[in-house]
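Enquirer: Sequential numbering from 59 applies to the sequence shown in the numbering used here.
Please keep in mind that the hints were generated in silico from the structure rather than gathered at the bench.
Heads up, some of the hints might be wrong.
What the hints assert, rightly or not - Derived CB-CB ranges, DEER-like:
#1 Arg88 to Gly157: 17 to 25 Å
#2 Glu145 to Gly109: 18 to 26 Å
#3 Ala195 to Gly157: 23 to 31 Å
#4 His92 to Glu152: 30 to 38 Å
#5 Asn184 to Glu134: 15 to 23 Å
#6 Gln94 to Ala190: 36 to 44 Å
The C-beta atom is built at its ideal place from N, Cα and C for all residues, glycine as well.
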Amino acid sequence: MQDRPTIPEALQAARDFLAQDLLPTVTDPRLRYHLQIAVNVLRIVEREAPGEEERLRAEHAALRDLLGQPPAAPPEDAAALRRAVLEANHALCERIRQGDADGGPWRLRVLAHVAATVDDKLAVNNPAQLAAFSAEAGAE
Numbered sequence: 059m060q061d062r063p064t065i066p067e068a069l070q071a072a073r074d075f076l077a078q079d080l081l082p083t084v085t086d087p088r089l090r091y092h093l094q095i096a097v098n099v100l101r102i103v104e105r106e107a108p109g110e111e112e113r114l115r116a117e118h119a120a121l122r123d124l125l126g127q128p129p130a131a132p133p134e135d136a137a138a139l140r141r142a143v144l145e146a147n148h149a150l151c152e153r154i155r156q157g158d159a160d161g162g163p164w165r166l167r168v169l170a171h172v173a174a175t176v177d178d179k180l181a182v183n184n185p186a187q188l189a190a191f192s193a194e195a196g197a198e
């Protein structure tokens with residue numbers, strides 16, 4: 059990896075170019091829409107990249123606990139960690155499909171896990187929407 063620009067700096071520079079320099083010059087509505095999507099994707103990647111492995115390790119541990127698996131160190135390799143989390147999520151989905159979460163205390167644990175996971179993912183993908191949901195929930 060190079061010292062400068064850092065990955066976040068490079069992402070921000072690309073996003074700023076698209077949003078500040080290119081977007082104002084584009085008049086075609088279809089192209090503007092696609093450009094706005096590209097800018098938003100760069101914003102998401104800027105937020106996701108810095109803590110991705112930490113979030114994956116936390117999700118891995120939470121899923122192992124929820125699935126009743128003994129604690130274990132997560133894979134060191136980032137790709138293997140992503141696969142392990144995906145496999146654990148598949149196992150959770152299978153248990154839900156089998157009806158294991160239809161009632162009882164495990165259902166409450168699954169619902170709490172899903173709510174926390176959605177919050178974690180929204181914090182990266184759309185923090186403004188998470189804040190709006192949180193404010194709405196607090197008002198109730």
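Enquirer: Against each hint, give a clear statement of whether it holds in the structure.
Expert: Results for each hint:
1. Arg88 to Gly157: 17 to 25 Å: Given range 17 to 25 Å: violated, Cβ gap about 45 Å.
2. Glu145 to Gly109: 18 to 26 Å: Distance hint for glutamate 145, glycine 109 holds at roughly 22 Å.
3. Ala195 to Gly157: 23 to 31 Å: holds, 29 Å
4. His92 to Glu152: 30 to 38 Å: 37 Å Cβ-Cβ, so the 30 to 38 Å window holds.
5. Asn184 to Glu134: 15 to 23 Å: Violated: the Cβ-Cβ distance is about 30 Å, outside 15 to 23 Å.
6. Gln94 to Ala190: 36 to 44 Å: violated, 20 Å
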